[in-house]
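Working from the sequences, and respecting the hints, build out all of it.
Going down the list, the protein sequences come from chains A and B.
Taking the numbering used here, the leading residue of the first sequence gets 1, the next gets one more, and so forth.
Taking the numbering used here, the leading residue of the second sequence gets 1, the next gets one more, and so forth.
Derived by calculation from the structure, the hints in this document are not laboratory data.
It is possible that some hints are incorrect.
From the structure, some residues in chain A lie toward chain B, with a derived Cβ separation under 10 Å [to be verified]: (1) 6; (2) 19; (3) 43; (4) 104.
Where chain A lies over chain B, by a calculated footprint (3+ residues, C-beta under 8 Å) [to be verified]: (5) 13-27; (6) 33-42; (7) 68-79.
Not the full set, but computed from the structure, chain B residues with beta-carbon under 7 Å of chain A [as the list claims (entries may be wrong)]: (8) 88; (9) 104; (10) 106; (11) 107.
Where is the CB? At the ideal position from N, CA and C, for every residue including glycine.
Read off the chains here:
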Amino acid sequence: QKEVEQDPGPLSVPEGAIVSLNCTYSNSAFQYFMWYRQYSRKGPELLMYTYSSGNKEDGRFTAQVDKSSKYISLFIRDSQPSDSATYLCAMRDSGAGSYQLTFGKGTKLSVIP
Amino acid sequence: EAGVVQSPRYKIIEKKQPVAFWCNPISGHNTLYWYLQNLGQGPELLIRYENEEAVDDSQLPKDRFSAERLKGVDSTLKIQPAELGDSAVYLCASSPTAYNEQFFGPGTRLTVL
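Set out below in structure tokens:
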């Protein structure tokens, strides 16, 4: 079992739909949780960053972390065709020297106009 | 502000040939990372530099891979000789320190024939 599991999709939704993307993890030491967006032929870019459990909202994006279940989610409201990309979850722990990110496989999302 | 620059963007070589990738990080970023991203997978760390020092190269296959970051700015990743299984995207990222957001370049897509 990999440390971070993410359904690779692909996921196809109509424009305006609410999208839910998820990752599960096994390492209880993970404290920092991130969502990256990667467009085709581009590098990943940081979308959301959350520390420990709870919710964080930024415009149409909401990130949720449930450490008790080892489960994180990214919600996209009113999805747009420009949201079509691969979404990667990433996480790391908070120990000294713990800088290394562990990524999920990524979920490929297509938003259809 | 210019982002992380990588070249070449694409490279096709025959197996057993050498290949080199170049990365210019964001100005002022002390930490530089090289990642490997296979198709349908998340990035995996190969090596991390703090200034000119390679502080974590535990996941770099040292029999054929080498890297350098002279003067603590630009970095080069080399493979010699390349194998078919090395076909992937090689991503460079940089951050002000190891605990800050990582900014990724567009990657170099390597195809080994």
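Which of the listed hints are broken here?
-> Failing hints, ascending: 2, 5, 7, 8.
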